[in-house]
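Student: Since the structure of chain W is already known, use the hints to place chain S on it.
As they're listed, the protein sequences go chains W and S.
By the count of this note's numbering, the first sequence reaches residue 230 at its end, each step adding exactly one.
By the count of this note's numbering, the second sequence reaches residue 834 at its end, each step adding exactly one.
Hints in this document: simulated from the structure, not taken from any laboratory.
Virtual Cβ for every residue (Gly too), placed ideally from N, Cα, C.
Hints may contain errors.
For each label pair, taking beta carbons as the anchor points, the in silico distance ranges come out as [stated by the list, open to error]:
#1 Leu395/S <-> Gln208/W: 32 to 42 Å
#2 Arg15/S <-> Arg127/W: 43 to 53 Å
#3 Val81/W <-> Leu10/S: 20 to 30 Å
#4 Glu184/W <-> Trp820/S: 40 to 50 Å
#5 Ser46/W <-> Leu14/S: 48 to 58 Å
#6 Asp64/W <-> Glu747/S: 28 to 38 Å
#7 Ser222/W <-> Thr744/S: 45 to 55 Å
#8 Arg127/W <-> Arg7/S: 42 to 52 Å
#9 Arg195/W <-> Ala745/S: 49 to 59 Å
#10 Arg7/S <-> Gly37/W: 30 to 40 Å
#11 Val394/S <-> Gly35/W: 51 to 61 Å
#12 Arg195/W <-> Leu14/S: 37 to 47 Å
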Amino acid sequence: MALSPPFIALHNLRKQYIEGDQQRIIFADLSLDIGRGEFVALLGQSGSGKSTLLNLLGGIDLPDAGQIRISDRMLTALSEVERTRFRRRHIGFVFQFFNLIPTLTVAENLLLPLELNGLTSPEQCDRALELLDQVGLGNRRASFPERLSGGEQQRLALARALVHGPWLLLADEPTGNLDAATGEHILELLLTLHRQAETTMVMVTHSQAVAARADRILVLESGQIRELAR
Amino acid sequence: MTPLLWRALLRHPLRHPWQLGLAILGIALGVAVVLAVDLANASARRSFDLAMNRLTGHATHRLVGGPQGVPEAVYVQLRLERGLRQVAPVVTGTLPRADQPGQLFQILGIDPFAEAPFRDPAADVTGSNFDLRALLLRPDAALLPASLGEQVTLRRGEQRFTLQRAGTLNGPELDSLIITDISTAQTLLGHTGWLSHIDLILPEGTTGETLAAELRAGLPPELRLEQPAQRNQATVDLSAAFSLNLTAMSLLALVVGLFLIYNAISFSVVQRRALLGMLRALGVSRQELLLGILGEALLLGVAGTLLGGLLGLWLGSGLVHLVTRTINDLYYVLSVREFFIDPWSLAKGAALGLLATLVAAWLPAREAAAVPPGLALSRAHLESRWRAALPRLVLTGLALLGSGGVILGFSHALLPGFVGLFLLILGCALLTPPAVVGLVRFNRPLAARLGLLARMANRDVARHLSRTGIAVAALMVAFATTVGVGVMVDSFRGGVVIWINELLNADLYIAPPAIEDGGGSETVEPAALATLRETPGVAAVSTYRRLVVDLNGRPVQVMAVDLAPASRAGYHLISGDPATAWRAFQTGEAILISEPLAHRRGLRAGDALDLPTDRGLRRFAIAGVFLDYGSEHGRILLHRSGYERDWHEPTVGSMAAFAAPGENLATLRERLQDRLGPIQPLLIRSNRDIQSRTLEIFDRTFTITNVLRLLAILVAVVGVLSALLALHLERAREFAVLRATGMTAGEIGGLVSLQTGFMGAAAGLLALPTGLLLAAVLIFVINQRAFGWSLPFQVDPMLLLETLVLAIFAALLAGLYPIWRMARARPADALRTE
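If we strip away everything but chain W, and leave its shape as in the complex, we get (with noise of 0.2 Å):
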């Protein structure tokens, strides 16, 4: 039986950053793969280059050397508007700071990505304030951001993050701003979600605990990418 390839491959990825007169390499040789569906926590050292890795894998940045490919798309090869709007429609992004946009209200910020995607039948609407219930937001959809509380804020960036049915769920941090009742309730949140939804994530973290919940933990240090052991 032959092997399905992997839903996303990472091969030799090369990204440097220049500072002043400085080359700082970042990765110099970096190749993963990750399985459909797969819970993948990224621990690190602070500058190791976690957020760099999220970032190539959303598109937002491009790697100076390798390929980066994401189901039957090679993310490298496509142009910036490509890119956008492959991350428009597959790709949901969580930060540690919520990031929410100030000047729209709750729903209008769940429905954002849809309407982006021009998913804006009445039937998706209504899916996407289900959603809004599930996260315990239904009584606030007119509220702008700025009225929420951090949990709230963040099960709200959860929601937006998965609204359109992304293929890879990308979470920066997503607890580290919390408190840690808040953030265990953000994180059960977040894993309920993602296997409801049946979709990979691939989580930054600083905390050892988080890691634990997550498929497999990879850790990024030197340059490389390391597995621990489960």
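Tutor: Chain S only, in chain W's frame:
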């Protein structure tokens, strides 16, 4: 662009009403100034056209004569001997109202029976009360404008004439017109026996041309047959230069407005960099962001243009009076009671406002589109990009200065002159941010000595260059305009003062009173001249006679003079050797021409000019070119001997007397009044009297220029207010941290004041060289090309000092509101909400 995306972008300005309001106000002020000037010009132009069309009517040709006009007998000849039927005599001139000497009326004397094919009285005159019989038979009957009462008293010299209403002239463009019968007009204007001109309607095509040729062939040399359109066009061309100057001034206000729009949009982009980054992360494309920001700018532009349109209408209705007053002083009698709203002006204003907004928003919109997804673009990143762009700014600025210089150097027309001027301003504006950085470095040792607050304030200006650079540039352009126009007006005034002091160097000037009311046809009795020469205490006498000749459709003054040697010294020759020139001039064969005439016709000493005289066209050698600000139409100085030779009935219009050494002027004046009074009523004025009257008119002419200068400053103050408000609001967290670490609200206020004061000082300092450059272009290029005047370059140090103080004051004033807001803000809120 989806509706939610629009909402996400557009709700930002709505959440910052102060910023939104100031951005709209910036656009509105820029549009308002341009629109107001355009509407005022259009109103004046339309009134002129209407008045001219009403006066010229359907005449195809006009028969004109020498200084006195056309003898009445010619009209009779045309009608009886040549059998022409469509011929109408006209007597026209200007007289002031007796009780309001500033209000001038154009008197139009007509023959009501000959008028019908020319001017349609029914269109202008209220039919029900038009008393033709009275107009013909009563010597005091007149058709008066609706704005006057039942009678009006006019003045010509010492004489008063009261006219009674025999009909009403309708239409605001006829507000300064009085129509009378021919003989009444001749009495009013002292033209008995003479007509100003004769209007003719000749058939179209070859028949008309043949008839015109026949008429021309049979005319005595002092009469000419011309087409009225030529003369009207010449007058319009001259005032067009004045209008163009005003338009250019108003465009400067728009340039300042352009900076404000750039500043406002650019700030709103920087303020939203996180939001833009988030949208990019969600998959919003660059093009969508570009469109979004441009769309937002367009909405701002629409709001600003609408508000600017209303402001412009209000401002224009005020400016039209200033424009009209200047036109009355310089060109022709014009009454603009009706403020005409020209749809073309409105369309131009709207297009300019929207276009300026889009142009100014283009760079910030591109900046917005370039925001990387996520949060990669930090404020520090933006500032470092700005600093990295400084060398490019310097190069572009220098390139613009260079191209401006090349255009100014290699062109000769007025329009390229303005293009060059605008390129220079833009170049200087681009050099402003790098210059600000230089000033900050220069200021560092002083700031270090003044303490921590001064150090922070100084450093902050360079650290927030993306904001402060634009604000300083906007303020700099506005104040440079002030300096430039101020120096130009001062130089002009200085030139006029020197010119008039030198020219009017006789002690007393004697003329018939009507000469001051524009009635140049009154002359001095020969006996009066003889008496003047014989009066004890009079050392020398100069005589003058002003004629107007037509040179290629332009009315040019010929001054026939017999100058005392001292009077000759008052003419400053700028072309031709003075000794040779005066020698040739004395023969009456050569003339001296004024600089505007030489400039317009490309003439200089050694050339020749054909003048229409009473003995036909005669060629005069040009002995020299003299400096003259008396008429932009041009003036010609001809020796009296030439005048006596080539014109019939030579007369003297006015005289100048030089007192003998040691003679008391007041005594001499009384003596002259006693001796000349019995011969003829004459006005005797001292040279100082005439000088002050001339300068009064000069100052009135430039009132509108000063109004536009003030408006440009107002636009700049709004700009600085908006820039500072935006900057300080953005720094709320930084200030909150400073407050949290123990800085008082007063100290923060001091910091902001120091910073704004520094920005004002930088703008003021940079405005000085830019303004002087602007002044040099206005003086040596624009005025020279528009009017043909060469002006001295005079800089009043007080003007420069005032500008500097005003710039600092404007900046400090603009900083007050941000300081007040910061003093009221709770640091905890700022720390929490960031």
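Student: For each hint, tell me whether it holds in the structure or not.
Tutor: Cross-check of the supplied hints:
no. : hint                              : verdict
1   : Leu395/S <-> Gln208/W: 32 to 42 Å : violated, 55 Å
2   : Arg15/S <-> Arg127/W: 43 to 53 Å  : violated, 30 Å
3   : Val81/W <-> Leu10/S: 20 to 30 Å   : holds, 24 Å
4   : Glu184/W <-> Trp820/S: 40 to 50 Å : holds, 46 Å
5   : Ser46/W <-> Leu14/S: 48 to 58 Å   : violated, 38 Å
6   : Asp64/W <-> Glu747/S: 28 to 38 Å  : violated, 48 Å
7   : Ser222/W <-> Thr744/S: 45 to 55 Å : holds, 50 Å
8   : Arg127/W <-> Arg7/S: 42 to 52 Å   : violated, 21 Å
9   : Arg195/W <-> Ala745/S: 49 to 59 Å : holds, 54 Å
10  : Arg7/S <-> Gly37/W: 30 to 40 Å    : holds, 35 Å
11  : Val394/S <-> Gly35/W: 51 to 61 Å  : holds, 56 Å
12  : Arg195/W <-> Leu14/S: 37 to 47 Å  : holds, 41 Å
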